[in-house]
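Asks: Protein chains in written order, with the working numbering: chain A, 38 to 320; chain B, 38 to 320.
None of these hints come from the bench; they were simulated from the model. Watch out, some of these pointers could steer you wrong.
Identical copies carry no separate label here, and so any pair may be met within one copy or between two of them.
[Stated by the list, open to error] Derived lysine-lysine pairs resembling DSSO-like cross-links, with alpha carbons at most 27 Å apart: (1) LYS285 / LYS56; (2) LYS275 / LYS61; (3) LYS285 / LYS301; (4) LYS275 / LYS56; (5) LYS147 / LYS275; (6) LYS147 / LYS160; (7) LYS114 / LYS76; (8) LYS298 / LYS76; (9) LYS298 / LYS285; (10) LYS285 / LYS275; (11) LYS150 / LYS160.
The lines below spell out each chain.
Protein chains: 2
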Amino acid sequence: MESTKGRGKLVIIGGAEDKEGDCKILREFVRAAGGTDAKIAILTAATSEPRESGEDYIRVFERLGVEEVTVLNTIHKDDGDDPKNLEILENATGAFFTGGDQARILEYIKGTKLDSLLHQRHKEGMVIGGTSAGAAMMPDLMIVEGDSETNPRMDAIEMGEGMGFIHSVVIDQHFAQRGRLGRLVSALLQQPANLGFGIDEDTAMIVDGDELTVVGRGAVTVVDESDATYNNLDELLKDEAMAVCGVKLHILPQGFRFNLKTRKPISLEISKKEAESPVLQTA
Amino acid sequence: MESTKGRGKLVIIGGAEDKEGDCKILREFVRAAGGTDAKIAILTAATSEPRESGEDYIRVFERLGVEEVTVLNTIHKDDGDDPKNLEILENATGAFFTGGDQARILEYIKGTKLDSLLHQRHKEGMVIGGTSAGAAMMPDLMIVEGDSETNPRMDAIEMGEGMGFIHSVVIDQHFAQRGRLGRLVSALLQQPANLGFGIDEDTAMIVDGDELTVVGRGAVTVVDESDATYNNLDELLKDEAMAVCGVKLHILPQGFRFNLKTRKPISLEISKKEAESPVLQTA
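Based on the sequences and whatever the hints tell you, model everything.
Replies: Below, the structure is given as structure tokens:
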């Protein structure tokens, strides 16, 4: 496995994060990116309303004291190779992907110079944040679209290539709010060794090396199908209900941590011991 | 544990079962209750529109060939002791509880002569069916009401006494359609040794002794928290997010079975061997 040493954190948000109140999650994104000295590049590729979405985030990041906040223009196919965009990102300490449609992020950015530079800067320590579509696109393989509020079915989801900032996981967003257990369980079918993360609204997982910490109002549901059996796949037609036995779940709220390598929540004792220190100082 | 030998089946339906098409689930209820010779008592206590609901079920049961279908009047507090109602039930081979509000079933029937007679007739072989509220009320302890589409929280659900036709389980309905994983996980907190069953719409679990079989379009999600740990209960205020680690899930569609004593899905091999025989002839 590729080393994650020296890489920037990933702030992966389940959508609908607070932008008006205490901005708990965006605050942690800014802090990870360098606090008031942060230089933040906003990527609006996912949304069909880039101006509005960009302005929203400029407003909140400026309110939190960041002086350099710039929206990258990614409205034409060749904007991903635009030297102006590359120059901004070259100096950024944090890149933030707005919500929208994750397929648009891939369409506008995947394979461009911006894509390479995002990965390079991330390896050098730049923090990458993303909400909703900006969360879904993080892994190698992402949920392109799918049905909410359904039991697992082979045709419940469409998977596709993601941006590859994190490996061997699948991420779903608006998790509890849109009833997406069946969708996430279905998504893991293609690669059961992967871990599934269902992130609630106004909730984030902050990935730092091999460990993640949960921040926000809801929870992150970890779905582990590595020991699961799919009992009726041979016989299934496309729209029929999948049988999945032996799925393991962990539901982790604010302050809880999870180790991506051991596939285990951080034990009760350690969590308790650390409960007094601020969430992000978990070494 | 009380013996379940000789008891009638329980047909526990997640709501919104098909009443216009092939009526797969209601058909199995009727078959279990004696087919065209069935004598069915409809209990509308849960609904504030007993006449409409009663007539709906009379229509569908008659369409399936049942000649004796009677609605029990339970609109006044003392209807539960009404000799007319008791006489009907005395002769019934199947009792069917409509949807509505499960608290009304308890209010009108619990502790009445009808309650005792329902349990007695069930022990003698009478089938009991129920949909939605009529499913929720089946266990000793039921979800009275609760929030859908939430992560687990201590205040997500209100539990209360159920009708006690099945022991050591909690039943939730409209499961995938209303995103009720968090609610069911929360409901098991009071008795983690119990099994949780989340039944999708137009889906049922048919309990026969220690075994259940799934019928219908969706799935039954079995939530087993017997090995789970609740990691932050000591510190939680009422509206804060619960941490639950090590929950086991089985998602079982049509034809799949589960043993309530061993707490295990019936193994792949056995299921396959029996896949050719009709669902309900699983001995």
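Asks: All hints are to be evaluated individually against the structure, with a verdict given for each.
Replies: Right, here's what the structure says about each hint:
no., hint, result
1, LYS285 / LYS56, "neither (33 Å within a copy, 36 Å between copies)"
2, LYS275 / LYS61, "between (42 Å within a copy, 20 Å between copies)"
3, LYS285 / LYS301, "both (11 Å within a copy, 14 Å between copies)"
4, LYS275 / LYS56, "between (41 Å within a copy, 25 Å between copies)"
5, LYS147 / LYS275, "neither (30 Å within a copy, 45 Å between copies)"
6, LYS147 / LYS160, "within (17 Å within a copy, 65 Å between copies)"
7, LYS114 / LYS76, "within (25 Å within a copy, 69 Å between copies)"
8, LYS298 / LYS76, "neither (31 Å within a copy, 59 Å between copies)"
9, LYS298 / LYS285, "both (16 Å within a copy, 20 Å between copies)"
10, LYS285 / LYS275, "both (25 Å within a copy, 26 Å between copies)"
11, LYS150 / LYS160, "within (15 Å within a copy, 73 Å between copies)"
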